[in-house]
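The listed protein sequences correspond, in order, to chains R and P. For the first sequence, our numbering assigns the number 257 to the initial residue and increments by one for each residue that follows. For the second sequence, our numbering assigns the number 257 to the initial residue and increments by one for each residue that follows.
Everything labelled a hint here was simulated from the structure, so no lab data went into it. Please note that the accuracy of each hint is not assured.
Pairs count within a copy or across copies, as identical chains cannot be separated in the list.
Subject to a maximum C-alpha distance of 20 angstroms in a straight line, what follows is the list of computed SDA-like cross-link-like pairs (lysine to any residue) [as the list claims (entries may be wrong)]:
id : residue 1 : residue 2
1  : K554      : R440
2  : K398      : L548
3  : K357      : E435
4  : K554      : S474
5  : K554      : A499
6  : K398      : Q479
7  : K554      : V427
8  : K554      : I399
9  : K554      : A482
10 : K554      : D490
11 : K554      : R489
12 : K554      : T486
13 : K554      : D476
14 : K398      : A496
15 : K398      : D552
16 : K554      : S498
17 : K357      : A323
18 : K398      : A555
19 : K554      : L356
20 : K554      : Q478
21 : K398      : D490
22 : K398      : I317
23 : K398      : S307
24 : K398      : K554
25 : K554      : A496
26 : K357      : P272
27 : K554      : G354
28 : K398      : R489
29 : K554      : Q479
Protein chains: 2
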Amino acid sequence: MTAAPADARTAGATAPIPVLAVVGVGLIGGSFAAALRRAGHVGRVLGVGRSGPSLERAREIGLIDEAVGAAEAAARADLIMLASPVGTFGAILADMRGALKPGAIVTDAGSTKAEVAQAARAALADRVACFVPGHPIAGAEKIGPDAADPDLYTGRNVVLTPLPENAAADVARVRAAWEACGARVLEMDTVEHDKVLASVSHMPHFLAAVYVAQVARSADSQQRLAIAGTGFRDFTRIAAGSAEMWRDIFLSNRAAMQAELTEVRAVLDEAERALDAGDGAALQSLLEQAALFRRDWKAGH
Amino acid sequence: MTAAPADARTAGATAPIPVLAVVGVGLIGGSFAAALRRAGHVGRVLGVGRSGPSLERAREIGLIDEAVGAAEAAARADLIMLASPVGTFGAILADMRGALKPGAIVTDAGSTKAEVAQAARAALADRVACFVPGHPIAGAEKIGPDAADPDLYTGRNVVLTPLPENAAADVARVRAAWEACGARVLEMDTVEHDKVLASVSHMPHFLAAVYVAQVARSADSQQRLAIAGTGFRDFTRIAAGSAEMWRDIFLSNRAAMQAELTEVRAVLDEAERALDAGDGAALQSLLEQAALFRRDWKAGH
Numbered sequence: 257m258t259a260a261p262a263d264a265r266t267a268g269a270t271a272p273i274p275v276l277a278v279v280g281v282g283l284i285g286g287s288f289a290a291a292l293r294r295a296g297h298v299g300r301v302l303g304v305g306r307s308g309p310s311l312e313r314a315r316e317i318g319l320i321d322e323a324v325g326a327a328e329a330a331a332r333a334d335l336i337m338l339a340s341p342v343g344t345f346g347a348i349l350a351d352m353r354g355a356l357k358p359g360a361i362v363t364d365a366g367s368t369k370a371e372v373a374q375a376a377r378a379a380l381a382d383r384v385a386c387f388v389p390g391h392p393i394a395g396a397e398k399i400g401p402d403a404a405d406p407d408l409y410t411g412r413n414v415v416l417t418p419l420p421e422n423a424a425a426d427v428a429r430v431r432a433a434w435e436a437c438g439a440r441v442l443e444m445d446t447v448e449h450d451k452v453l454a455s456v457s458h459m460p461h462f463l464a465a466v467y468v469a470q471v472a473r474s475a476d477s478q479q480r481l482a483i484a485g486t487g488f489r490d491f492t493r494i495a496a497g498s499a500e501m502w503r504d505i506f507l508s509n510r511a512a513m514q515a516e517l518t519e520v521r522a523v524l525d526e527a528e529r530a531l532d533a534g535d536g537a538a539l540q541s542l543l544e545q546a547a548l549f550r551r552d553w554k555a556g557h
Numbered sequence: 257m258t259a260a261p262a263d264a265r266t267a268g269a270t271a272p273i274p275v276l277a278v279v280g281v282g283l284i285g286g287s288f289a290a291a292l293r294r295a296g297h298v299g300r301v302l303g304v305g306r307s308g309p310s311l312e313r314a315r316e317i318g319l320i321d322e323a324v325g326a327a328e329a330a331a332r333a334d335l336i337m338l339a340s341p342v343g344t345f346g347a348i349l350a351d352m353r354g355a356l357k358p359g360a361i362v363t364d365a366g367s368t369k370a371e372v373a374q375a376a377r378a379a380l381a382d383r384v385a386c387f388v389p390g391h392p393i394a395g396a397e398k399i400g401p402d403a404a405d406p407d408l409y410t411g412r413n414v415v416l417t418p419l420p421e422n423a424a425a426d427v428a429r430v431r432a433a434w435e436a437c438g439a440r441v442l443e444m445d446t447v448e449h450d451k452v453l454a455s456v457s458h459m460p461h462f463l464a465a466v467y468v469a470q471v472a473r474s475a476d477s478q479q480r481l482a483i484a485g486t487g488f489r490d491f492t493r494i495a496a497g498s499a500e501m502w503r504d505i506f507l508s509n510r511a512a513m514q515a516e517l518t519e520v521r522a523v524l525d526e527a528e529r530a531l532d533a534g535d536g537a538a539l540q541s542l543l544e545q546a547a548l549f550r551r552d553w554k555a556g557h
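Between the sequences and the hints, there should be enough to build the whole structure, so can you do that?
Rendered as structure tokens:
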């Protein structure tokens with residue numbers, strides 16, 4: 257392996273992360289690389305991916321220095337970021353396991369964490385301690401290397417859900433990388449993460465998609481759209497996201513979604529009963545609870 | 257009645273609407289007056305309202321020239337805009353009926369139209385032909401005279417739902433006033449209006465409020481809010497609106513809301529069944545339908 261000397265020759269060899277590898281060089285992975293590079297936090301950046309044109313484009317615009325395979329990335333990188341779809345993590349980690357450089361840390365940007373932790377355990381087995389699960393909470397409507405933006409994570413929340421096996425120093429290194437991107441880092445239990453994310457991220461998408469599908473199927477859908485205003489626009493914005501990505505998120509976080517849906521349906525039943533009964537007081541009380549809660553959140557932001 | 261000469265002395269006596277009266281001088285009514293005044297479309301502006309301080313503030317900042325009672329507004333105005341809550345229209349129109357100046361037109365800005373038409377018929381009886389129902393589709397999160405903005409209606413849709421009794425010339429005058437505000441004017445059947453609005457305006461608010469109330473009631477609601485991102489922000493923005501106003505809208509448009517809710521629930525059932533069964537293909541198909549429909553709408557905007 258002659259890679260280490262080549263990496264050491266680069267100007268960034270003294271950066272906190274001499275060699276970064278990013279698997280999936282789109283919005284999430286590309287922005288991570290761009291933000292770390294701008295902060296002087298990385299030396300060399302390796303890109304791994306299934307799409308030749310995406311990797312080539314990422315190299316052209318300077319997101320990565322070179323494209324390599326998963327095993328080579330494992331052998332050369334100090335930090336590996338998995339930013340490909342969650343369903344690909346198991347195979348990638350299995351490819352990397354035997355090649356991982358001593359001291360290397362692997363982290364990820366997957367939207368659900370229980371399933372990711374399970375896949376990492378299965379693929380890495382006795383080396384799972386090197387895997388520090390994470391989740392940057394940042395928009396993902398745009399895709400591809402050209403969408404990468406060094407400011408994507410500025411002021412955003414990143415949740416780390418450390419495994420019991422993780423060394424505190426490794427968690428701290430992942431935290432420091434995200435902080436160098438301008439993000440606010442929180443630590444959370446895996447199950448609590450998935451529950452909270454089901455509620456504030458996955459459920460809005462699920463409901464927005466259900467609602468938009470219902471409008472789309474109506475006989476007068478075009479007339480509806482012709483007079484839809486800003487309320488419709490904002491309420492449905494997330495429904496335009498990638499169907500594949502959200503399908504995977506919902507299935508990956510199914511148990512937490514089912515639990516939340518049960519609770520959402522209970523409140524929907526209550527609101528509909530008040531409407532059916534013409535019970536203005538009950539309706540207003542529910543609307544007021546929502547309005548006050550939402551205004552408080554806005555005020556805190 | 258010495259009012260007519262006084263109004264005729266004002267500089268705007270040759271404007272298309274020599275005297276405008278606005279009932280409710282908040283965001284909706286105040287913005288209408290401000291836009292028409294800027295366009296040179298009105299001469300004198302009279303304000304009618306239940307709140308002394310709001311009327312005084314509206315006069316101070318030049319939205320209205322003077323505050324008068326409902327009967328005096330009826331006697332002096334060429335166009336009367338009802339921009340108070342829908343539930344107040346019946347009493348106001350009954351107060352105005354005996355005093356209405358010959359040729360005066362009354363219009364409104366209520367969010368539902370079947371109930372408004374019914375209230376107008378009951379209050380105005382054989383004079384109902386002067387009432388041209390309308391609905392500007394513009395945001396209403398801010399309230400009060402200070403929220404009034406001459407640009408509020410620029411590029412927005414205004415739906416008129418003329419009564420069979422309306423003279424075409426009267427409908428044309430209301431249309432011209434909205435066009436002078438920069439709005440795009442559509443005409444629609446009353447029932448179709450209420451159905452379409454239930455779908456693209458009232459339902460998003462209903463669902464957003466139900467969802468936010470469910471989050472608010474959760475034991476870990478503060479932790480949820482701490483990591484809520486831009487998807488949550490946009491999806492729930494409308495839930496911060498006035499509980500009273502939305503209660504009245506839902507009750508006023510109850511039948512159309514119930515019909516839409518039945519359809520939304522059917523799609524929710526379908527999505528939940530796909531989730532329960534782990535049926536990725538069904539889930540993706542539904543998400544794709546929503547995403548394509550939403551992207552098409554955005555592209556058309």
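In rising order, the numbers of the hints this structure does not comply with: 3, 6, 7, 19, 27
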